[in-house]
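With chain L held as given, fit chain W onto it using these hints.
Residue strings, one per chain:
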Amino acid sequence: MPKLDTFTLKIKTGERGRTSPLKYTINGFKLDFEPELGNTEPEGEVIVSGDPMSFPHTFLLIGPEDGEEPWDIAGIEALYNCADEEPYTIHMGAVTLEDDADLNIWHDRPTQIFDV
Amino acid sequence: MAAWFSKVFDKEEKEAPTDAGKTSTVEKTEEVVIPKTRRVVQAPVVVDESAQSAYSDDVAIKAKVNDQGDLIVFMVDRPLLEGRSFWCPDVETAQKTSPMATAIFNVEGVKSVLIHGMNITVGRDQWTTSTWGEQCKEIGTEIRAQIKSGMPVVAPECMDSLPDTETIRAGLQKVIDEQLNPGIASHGGIITLNRVEGNTAYITMGGGCQGCAASSITLRQGVETSFREAVPEVGAILDETDHNAGSNPFFNELPAGM
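Keeping their order, the protein sequence lines are chains L and W.
Residues in the first sequence are numbered from 1 upward in steps of one, following this note's numbering.
Residues in the second sequence are numbered from 1 upward in steps of one, following this note's numbering.
Looking at chain L on its own, in the form it has when it is part of the complex:
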């Protein structure tokens, strides 16, 4: 597992948006994102980032808290910048976060496929 220095998430919201501030956890520690660009209103798009400088055993985008409305995520583009490696990007598809769910946002570098 590489050491995750910094990351950036571009999150597209679907039909149901979210009003509460976005947070994430890394290895159980809850952290704020760096200042957000954009919004999480319906059909909106937000770019958030962080610099955990840590090995991401668990790396979660915290979903709506207890009693909040579900949040429809249309897609996420995640850019990971790990120590001693080239940055890489993962595209995640649509998912809905209920008020008891967090989203795993850690994905290893995709297996390299090449022509032979």
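Possibly wrong hints are sitting among the right ones.
Straight-line Cα separation of at most 27 Å, BS3-like style, residue types lysine-lysine; simulated pairs [to be verified]: (1) L:Lys10 x L:Lys23; (2) W:Lys137 x W:Lys64; (3) L:Lys12 x L:Lys30; (4) L:Lys3 x L:Lys23; (5) W:Lys36 x L:Lys30; (6) W:Lys62 x W:Lys148; (7) W:Lys64 x W:Lys36; (8) W:Lys36 x L:Lys23; (9) L:Lys3 x W:Lys64.
Covered by chain L, per the in silico footprint, the following chain W stretches (three or more residues, Cβ under 8 Å) [as the list claims (entries may be wrong)]: (10) 37 to 45; (11) 129 to 139.
Rather than coming from a laboratory, the hints here were simulated on the basis of the structure.
Computed from a predicted structure; not experimentally measured.
In this text, a Cβ means the ideal position worked out from N, Cα and C, and glycines have one as well.
Same frame as chain L, but now just chain W:
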């Protein structure tokens, strides 16, 4: 966890004034708020379509190396075997049964060959001095040449001599019941044989195996080895488990907030 646990059982003693100006000890219990259990969900990872094989007049082959670096999967743009899969553990077997496997074994450092559908999975000898990059190119060249030659991938008489599906299924089920499940029960795991198609086995790894970081080792060193010893004719052994949905793996990740 210890913090809210102590709130439940530890009673706080507090001194309060009485009418007579004296003090007495009263018990006060704080309201307990048990944190709601949260779950972790996965979003589907969208694969870049440009990485997929595109059909052309030439034979297009893509290669992928597993995380451990001991298996290379070659994805060919056309079916190689219909309805059956073929496992070849050594060069002697290959020379009797499969021109394709024989050609692949000619490359240095090849330990095993599995042909299934449009894929050929090659096991690498751990002591080989060849890099997997070199092996990929050499094996790709051999596969392409064999397909263009028009030779059968596996000799027809070899495929015809394979036992029927029910015989293979019964043999594998016996291995699961008598060897595998009693062994992994101590880890809370269970192996289920979902079905056998041709000679390809589809299994699910449940209980403590589901989502376990060591499940791939259990599959390859435990399940595959036992299956092939008992039923040498079994071809591909495919794990259909959704390991992302595991709720109680033996080696679990830390839950959020812990």
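Hint-by-hint comparison with the structure:
no. : hint               : result
1   : L:Lys10 x L:Lys23  : 14 Å, holds
2   : W:Lys137 x W:Lys64 : 12 Å, holds
3   : L:Lys12 x L:Lys30  : 22 Å, holds
4   : L:Lys3 x L:Lys23   : 20 Å, holds
5   : W:Lys36 x L:Lys30  : 16 Å, holds
6   : W:Lys62 x W:Lys148 : 16 Å, holds
7   : W:Lys64 x W:Lys36  : 42 Å, violated
8   : W:Lys36 x L:Lys23  : 17 Å, holds
9   : L:Lys3 x W:Lys64   : 24 Å, holds
10  : 37 to 45           : holds (count 9)
11  : 129 to 139         : holds (count 3)
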